Each structure stands twice: as C-alpha cells, then as structure tokens.
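> For reference, the chains in residue letters:
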Amino acid sequence: MLPARMRVTIHYFASLRDRKGLDSEELELEGSLTLRELYHRLFPPDDAPSPPPVLYVQDEAYVTGDTAPRDGAEIAFIPPLGGG
Amino acid sequence: MEIVIQAEPLDARLLEQRVSHPSCGAILSFVGLVRDHHAGRRVTGLDYQAYPAMCQRVAGIIGGEIHERWPGARAALAHRVGSLTIGEASIVIAVAAPHRAEAYAASRYCIDRVKAILPVWKREHYVDGEPRWVSNAEFTPEDS
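Residue numbers (my numbering), protein chains in the order written: chain Y, 37 to 120; chain A, 82 to 225.
FYI, nobody ran anything at the bench for these hints, they're computed from the structure.
Remember, it's a predicted structure, so these values are computed and weren't measured experimentally.
A couple of the hints might just be wrong.
Derived EDC-like pairs (lysine to aspartate or glutamate); straight-line CA-CA distance at most 20 Å [to be verified]: (1) Y:LYS56 x A:GLU211; (2) A:LYS196 x Y:ASP82; (3) A:LYS196 x A:ASP128; (4) A:LYS196 x A:GLU169; (5) Y:LYS56 x Y:ASP83; (6) Y:LYS56 x A:ASP128; (7) Y:LYS56 x Y:ASP82; (8) Y:LYS56 x Y:GLU110; (9) A:LYS196 x A:GLU219.
Computed spacing ranges between beta-carbons, pair by pair [what the hints assert, rightly or not]: (10) Y:ALA97 x A:ARG99: 18 to 28 Å; (11) A:GLY163 x Y:PRO89: 22 to 32 Å; (12) A:ALA218 x Y:SER86: 12 to 22 Å; (13) Y:PRO80 x A:ARG122: 48 to 58 Å.
Calculated from the model, a selection of chain A residues having no Cβ within reach of chain Y, i.e. all distances over 10 Å [said to hold, decoys possible]: (14) GLU97; (15) ARG99; (16) HIS102; (17) THR125; (18) GLY126; (19) GLU146; (20) ARG150; (21) GLY153; (22) SER164; (23) TYR190; (24) ALA197.
For every residue, glycine included, the Cβ atom is placed at its ideal position computed from N, Cα and C.
Could you put together the complete structure from these sequences and hints?
Listed below in structure tokens is the structure:
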C-alpha cells in the first residue's frame, strides 16, 4: 500500500513567522505523523534559540498535539499569545 | 460574541452601542492601553499580529462561555493589529448586563480568556535592545 499523501496549509505567526520568513505555505506530507511531530520537523527542538512551546490548531480550532493532520487542513502552531 | 480585528483606532462608544439592549441596566467597557514599561524595561511601542479567521471562532467560544455563566450578559470585543504607540487602545471589551455585578464579572472573565486563547501576538519595542514577542501569563502551551 502506498503511504498516505496529503496537502496542508501551514500558517506562521509571531516568532515562528520571523524564523520562517513566511506568513504561510503549502506542504505535501507523506505517511502518518502528528501535529507535534510536524512542528518538531519544521522547528527542530535543538535549534538555537529553541523554538517556543505551542498550542496546536487545525481548521481554526485548538486540537491536541497528537492529532493527525487532515488532507486539505489549515494548520497553525500557536506560540505564546500576547493579546489584550 | 461579536469581535472586530482592525488596524484603525478603536472606539469604545461604538462597541457599547453594539451591546446596548433594553434589558440591560449596565454597560461596562474595559479598555486596554499601550503602557510605557514592561518588566522593568522602557517600552516605546507595540506591534500586534492576529489570526483573524480563528479569532472569530475563539470569540464564539468565549461568548458561549459567558452566556453559560451570565445568561443576560451581552459582550463584544475589538482588538487592534499593526503598530501602536504609547497610550493607544489595544483592546476594548464592552459588556452589557441587566445588573452591574454581572457586567463586572463577565468583563473580567472575558479579558482573562482573551489573554489565554485569542490568537493575537504582541511584539514590544524598547528604548534599549531588540524588539521581542512577549507572552501573556495566562498562555498555557501544551508541551511546556
């Protein structure tokens, strides 16, 4: 069986946007991985300075890091919030 | 709960009109302002960034929570994005309620929830040193 392939859109904000130099991008993902694994792939934990702790978002809703991305999903990693 | 994310200056009176209702004997507006210091450093200005589509969803969640706790309360929120100078309003929360106690309680609840879950980010600029994205104390990441 071929590995599952899917396309997702990732939105970047605040310090993650600065690191990427991108507001958002489309990625093709192969196989199964969780949002937490995807975050660590995009922002390796041993980078310096270390990437911020985040909350995970799929389709504009908070989900757990164990969630598997859905094909066509809008994904975001939420670094420390500063609203108010 | 109605929410507006805007680059233009906020107008508390306008938001009060949106929540005003004949059943409500009180309207309370909370206005958050850009302050000239933070954690002992002199601040010269702030940049706010938002995830607007998700802000709509999160405002719906917070509005639902407020409705559960204070069924008669009517809340609305406006948040600035872009670059702000000292003294400018970054957020307005207007709450109308039948009595003042509910208005005070719901307003306090709303700003606490905003700081914890509304997808908005703040970068501080300082007299000395590089600008920095700063975190609300209420933010709780999943893996910390």
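> For every hint, state whether the structure bears it out.
Hint-by-hint comparison with the structure:
1. Only pairs whose Cα atoms come within 20 Å are accepted, and LYS56 of chain Y paired with GLU211 of chain A is accepted, the gap being roughly 19 Å.
2. Proposed proximity of LYS196 of chain A and ASP82 of chain Y is contradicted: the alpha carbons are some 28 Å apart, above 20 Å.
3. For the hint pairing LYS196 of chain A with ASP128 of chain A, the CA-to-CA distance comes to about 16 Å; that is within 20 Å, so the pair holds.
4. Restraint check for LYS196 of chain A and GLU169 of chain A: satisfied, since their Cα atoms lie roughly 18 Å apart, inside the 20 Å limit.
5. For the proposed pair LYS56 of chain Y and ASP83 of chain Y, the alpha carbon gap of about 13 Å is at most 20 Å, so the pair holds.
6. The hinted pair formed by LYS56 of chain Y and ASP128 of chain A meets the criterion: a straight-line CA distance of about 18 Å does not exceed 20 Å.
7. Under the criterion of a C-alpha separation no larger than 20 Å, the hint pairing LYS56 of chain Y with ASP82 of chain Y is consistent with the structure, at around 16 Å.
8. At most 20 Å may separate the alpha-carbon atoms for a hinted pair to count; LYS56 of chain Y and GLU110 of chain Y meet this at roughly 17 Å.
9. A distance of roughly 6 Å separates the Cα atoms of LYS196 of chain A and GLU219 of chain A; the hinted pair therefore holds under the 20 Å criterion.
10. For ALA97 of chain Y paired with ARG99 of chain A, a C-beta distance near 25 Å keeps the hint of 18 to 28 Å intact.
11. Evaluation of the 22 to 32 Å hint for GLY163 of chain A and PRO89 of chain Y yields a pass: the beta carbon distance comes to about 26 Å.
12. Between ALA218 of chain A and SER86 of chain Y the Cβ separation comes to about 20 Å, which falls inside the hinted range of 12 to 22 Å.
13. Taking the beta carbon of each, PRO80 of chain Y and ARG122 of chain A are about 30 Å apart, not inside 48 to 58 Å as hinted.
14. For GLU97 of chain A, the shortest C-beta to C-beta distance to chain Y comes to about 19 Å, beyond the 10 Å cut-off, and the non-interface label holds.
15. No beta-carbon of chain Y comes within 10 Å of the beta-carbon of ARG99 of chain A; the shortest separation is about 20 Å.
16. Non-interface status of HIS102 of chain A relative to chain Y is upheld: no Cβ of that chain comes within 10 Å, the nearest being about 25 Å off.
17. Even its closest Cβ contact with chain Y, about 16 Å, leaves THR125 of chain A beyond 10 Å, as expected for a residue assigned away from the interface.
18. Even its closest Cβ contact with chain Y, about 14 Å, leaves GLY126 of chain A beyond 10 Å, as expected for a residue assigned away from the interface.
19. Its beta-carbon lying about 14 Å from the closest one in chain Y, GLU146 of chain A satisfies the requirement of being farther than 10 Å from that chain.
20. Remark: the non-interface label on ARG150 of chain A is consistent with the geometry, its nearest Cβ contact in chain Y lying 20 Å away (cut-off 10 Å).
21. For GLY153 of chain A, the requirement that its beta carbon stay farther than 10 Å from each beta carbon of chain Y is met, with the minimum near 25 Å.
22. Look at SER164 of chain A: its CB is around 14 Å from the nearest CB on chain Y, clear of 10 Å, so calling it non-interface holds up.
23. At the 10 Å boundary, the C-beta of TYR190 of chain A stays outside the reach of chain Y, the nearest C-beta of that chain being 13 Å off.
24. With 10 Å as the threshold on Cβ separation, the claim that ALA197 of chain A sits away from chain Y is violated: the shortest Cβ distance comes to roughly 7 Å.
Consistency note: the structure conflicts with the earlier hints numbered 2, 13 and 24.
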